[in-house]
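Please take these sequences and the hints and turn them into a complete structure.
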Amino acid sequence: MIPIDLEILSPRTLNEALELKEQYRSDSLLIAGGTDVLVQIRKGSLQPPRLLNILNLRRELGAIKEEPDEIHVGALATISEIESSPLIQTYAPTLSCGAAFLGSPQIRNWATIGGNVCNASPAGDTITPLFVHEAEAVIISKGRTRSIPIHELFAGPLEIAIDPHEIVSHFQIPKETQFKWFLQRLSQRKALALNKVSVAGVLWLDGPKVREPRLAFSAVSPVVRRASKTENFLQDQELNRPSIEKAAKIICSEVEPITDLRSTKEYRRSMTGQLLKKGLRELQQKMKEEQFV
Amino acid sequence: MNGRKYELETQPARRLLDILREDLHLTGTKEGCGEGECGVCTVLLDGFTVNSCLVIAAQISGATVETIENPIFDPIRAVLIESGGIQCGFCTPGIIITSHVLLQQYSQPTMQQIRRGLAGNLCRCTGYTKIFQAIELIQDSNQK
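Chains as they are written, first to last, in this note's numbering: chain A, 1 to 293; chain B, 294 to 437.
Simulated pairs of lysine-lysine, DSBU-like, Cα-Cα distance not exceeding 35 Å:
id, chain 1, residue 1, chain 2, residue 2
1, B, K323, A, K43
2, A, K190, A, K288
3, B, K323, A, K190
FYI, nobody ran anything at the bench for these hints, they're computed from the structure.
Structure, rendered in structure tokens:
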């Protein structure tokens, strides 16, 4: 059960929140929507001495806005807002697509991208997209702001690499254009189900040749990662059946799946390749169709 | 809360679900799983659906809440009763509230949009078919 007398501090401004985080450090746990945190507290797997509720900071930390070269996605933007944001659909479509897979409509209305990222699940639905769009995370604390590439944010499964006095403020995603993309996800059911494996991809096509492929996978390694060996192979390759088959074999060798409640490691390894094939074949199909337009 | 102003004092960690059922005696909202996986506790918070088992008092100062007791949901309830989309009735308040929002979002939802929109509301009795058909009926009658 959620302890009825759990101390909850609810700062009204960002400065107040940063002061409190500075003061309490690891003795305070951030909560926004709380759709992960409250479940873990109820189960007893998290027992924080107090919660720092930052939901009042939506004005400062909840914006999704366009800047000259990037889009700014506030940590307190809800998953629903991300799913339906025209800016994100244009410049980071794997993110709006990934958001659509998370939980259920009720959970998406309340959960935030900051929460999903900072929970640092190896299967996080918003995390894999941030990798392929090469996002940066902006981290703030009293008196300091720093910015790191998204892959530096994860120390291990469920372990976010920020200091106890810091808060993730927002994500910066470069405004890129003319790329092809896919997001393939495998789960027991279509909603309310963690993914067994998912593969996200962003790449450019120069005629039939692949340029700058970016692939990331989730739930098949301790943290979300880019499939760098597969990317190296696909660079400058023609997108055809043999190259797709070969890429699938390579990505299967790159992953480190485990067996758990949802799946065996053999199945996950095999399905990573299948999802990559599915994603790339759909791109190949679209490419063929575009030639007839 | 359903159009009336309430002033309540309670512990910040108290769930909205418990405040509704215990403090306000609005027992139409049910507890199913307690962890946001079944949708039985769905209410409207500032106009959008949430699982009230995952909302705590600290988060809702000044918020507007609508529960199944609100008469705005009566038309959908009537159609669901008529069409056999209710058996034990436990999931029904959540289904009705989510359907209400779905029909605001899409005036003529396709079956796929209906299924996706209701993905957060589980039912153990009906097998969902008659529920989805009921929503199709509502959009048909809205057109007349």
